[in-house]
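**Q** Residues per chain are reported as follows:
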Amino acid sequence: MGALIAIIADTWRQSRQQVVFLIMLGLLALTALTTVALVHTVEVTTDDGAVVEKVVVYGIDDAGELLSEGWAGLYSTSILAEYVNEGESVDPFSEEGQELQQKLFDFAALEAQTEPKRRAVETLIWAVGFVVYVVSMMLFIAACAGYFPALLEAGAVDIVLAKPLERWKIFLGKYLGGMALFTAALLGTYALLFFGLGLRTGVWHPAIFMVMPLQVLSAGTLFALIALLGVIRGSTALAMIVGYGYYLIVDKIMQFLLFANFGGEGWQSLQKVLRAAIPNFVRVRDTALMAVINAPATDWQPVMVMFAWLLLSLGLGYWIFHRRDF
Amino acid sequence: MEYAIQTINLSKTYGGGIKALSGVSLEVPRGSCFGLLGPNGAGKSTLVKVLLSIVRASGGTATLRGVDIRSAAARERVGYLPEGHRFPNYLTAEGVCRYFGQLGGLAGPELEREIDDKLEIVGLSEWRKVKVKKFSKGMAQRVGVAQALIGDPEVVFLDEPTDGVDPVARQGLREVIRKATARGSTVFINSHLLAEIEVLCDYVAILDKGVVRQQGTVAELLAAASGASLSVRFRTGSIPESLWTKLAERGAEREPAAAGPEGAGAPQWFHMEVADEAEISPIIDSLREAAVLVFAVEPRRMRLEDAFIELIGAGRGMHVARGGQI
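Which chain is which? The protein sequence lines are A and B, in order. No gaps in the numbering here: position 322 of the first sequence is 595 in our numbering, and each next residue is one more. No gaps in the numbering here: position 39 of the second sequence is 55 in our numbering, and each next residue is one more.
No wet-lab data here; the hints were simulated from the structure. There's no promise every hint is true.
What the hints assert, rightly or not - Listed next, with one range per pair, are the computed distances between beta-carbon atoms: (1) A:R506 - B:G121: 26 to 34 Å; (2) A:L589 - B:G31: 30 to 38 Å; (3) A:K525 - B:S87: 43 to 51 Å; (4) A:W441 - B:G232: 37 to 45 Å; (5) A:L460 - B:D218: 26 to 34 Å.
Glycine included, every Cβ here is placed at the ideal spot set by N, Cα and C.
Please put together the full structure from these sequences, using the hints given.
**A** In structure tokens, the structure reads:
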């Protein structure tokens with residue numbers, strides 16, 4: 274156990290030396306602090322003479338309205354997804370689809386009025402969460418690409434392997450070290466947002482932390498793929514290029530191919546099969562962020578597929594690491 | 017006799033059919049200093065890596081401290097300094113010792129004591145807080161030796177320990193190695209510096225093309241290379257032709273004249289093989305009877321380097337004459 278912790282701690286030290294990791298920490302903190310600084314509440318008198326408190330953002334006129342409509346849009350999309358997930362495929366461009374969307378939006382808009390301040394904060398957290406999600410994932414790819422190639426460098430790996438440790442501990446220690454760091458950075462950012470927005474608006478919204486598990490899962494899967502590549506080729510640059518290539522290009526194409534509503538019945542059947550086999554980071558990100566607004570529907574399939582890929586990549590990476598001569 | 021390291025028919029064939037080790041059987045007594053010699057590509061580093069499970073054996077068996085090398089427990093209380101090591105450049109000298117000490121299972125005050133002790137032994141106490149990336153090659157090598165000795169291991173593998181170290185520091189490292197064996201550690205050294213092995217090691221083995229050509233004590237190896245005879249050099253005045261004919265019949269050979277006075281009375285060198293030291297006196301007597309001036313008589317001991325070339329070079333068309341001339 275002590276050795277495992279030592280490897281995790283070493284990965285922590287290694288990361289502290291990486292400029293990209295420091296940039297990630299800086300950007301996440303900046304995003305959270307800027308949000309907290311710009312948000313505040315004002316009291317407004319409604320048409321019927323009642324005084325209500327609204328959440329507004331400096332520099333954005335009608336921010337209260339925008340946030341309320343944003344919440345309705347997110348909530349209705351979530352309900353719409355439930356229709357799609359349950360096999361009731363809805364073509365968003367058809368008359369029927371348009372009508373359903375409008376109905377759901379109107380319902381959500383009414384729901385938004387029940388607790389306007391809370392809904393506004395939820396929308397705000399969703400938006401900031403989106404930025405945090407994208408920034409952290411993008412920079413984590415660069416930060417984690419070098420962990421395994423550095424471990425496996427000739428002359429570096431020898432001493433570690435010569436210690437009385439099973440290889441799974443070395444592999445897992447390095448992996449968990451990278452993930453611990455990422456999780457800590459996220460936890461800090463979301464905690465800053467939670468307390469900052471709570472103090473500024475009076476709305477304490479612990480659901481903000483519900484983004485984390487799926488975001489950690491996404492990062493973990495991406496890291497496992499990058500680790501696998503790092504073990505196979507031992508190249509930081511290659512691991513980084515493939516990581517970005519997959520996350521930014523392949524995944525977006527997959528998102529379109531697997532989830533866009535087009536094609537005949539045969540294609541749609543194939544889509545369903547592929548959805549159960551290919552991970553999709555966009556889908557998991559959307560699912561994670563929807564947790565902030567307490568959406569009624571959670572699409573678990575992409576989550577399960579991603580988890581399976583995490584285990585598969587990690588297992589394959591370890592198997593190669595275990596069998597290799599250094 | 018108890019053995020710290022024992023191998024039976026150990027073999028390693030890399031991908032592509034490259035045979036690095038073929039049926040290597042070695043026995044290294046506990047508490048001894050063992051030197052493994054061999055030309056480049058002989059398989060010396062591979063053998064150490066196989067013993068430490070950095071490289072998997074293709075066949076045969078081996079034990080380390082009496083434990084099968086396939087078990088992680090075999091590597092408990094084992095230190096290792098690989099050739100061309102690369103320590104994480106974000107670590108200080110004490111950080112390197114602490115990290116690898118932790119991986120070796122040490123912790124707390126015992127580990128801190130060991131760090132102090134080993135850095136002191138290699139003369140780096142004052143540099144303990146300095147990052148290793150700022151160290152010269154020699155200093156980095158000393159850090160490597162320190163980390164290998166952390167925890168007073170039962171077996172220490174040193175692959176080219178004095179590589180890149182200046183003569184003064186080299187002497188210091190030899191002292192460190194002597195102290196380690198004096199404390200009861202078994203030290204296994206891979207080195208190209210045969211003189212170093214000769215002064216440090218009790219036992220040696222010569223590995224060539226993955227096969228052990230010879231093993232035993234240094235004296236046994238020298239005897240194996242030189243046969244049972246002894247070579248003796250004489251520096252004399254002019255020898256009458258009749259006497260020289262008799263000596264030449266017994267195998268005496270004149271050595272090329274060195275720069276200096278020439279002529280009939282000039283001193284000259286010749287050498288010859290004798291069965292033992294008792295044969296030297298009659299030769300001197302015969303020289304004195306012929307009124308030949310005898311300036312010097314010196315037995316020419318074969319050095320390990322000569323023995324190495326004698327044993328290895330035969331297959332490469334090399335032969336060493338006594339005195340190291342190939």
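**Q** Each hint needs a verdict: does it hold in this structure or not?
**A** These are the hints, each one checked on the structure:
Under the hint 26 to 34 Å, the C-beta atoms of A:R506 and B:G121, about 32 Å apart, fit the expected range. At about 19 Å, the beta-carbon gap between A:L589 and B:G31 misses the expected band of 30 to 38 Å. Between A:K525 and B:S87 the C-beta distance comes to about 48 Å, which sits within the given range of 43 to 51 Å. Taken as a hint, the range 37 to 45 Å holds for the pair A:W441 and B:G232, whose Cβ atoms sit roughly 40 Å apart.
For A:L460 and B:D218, the hinted distance range of 26 to 34 Å is not satisfied, since their beta carbons lie about 57 Å from each other.
Hint violations for this structure: numbers 2, 5, all remaining hints satisfied.
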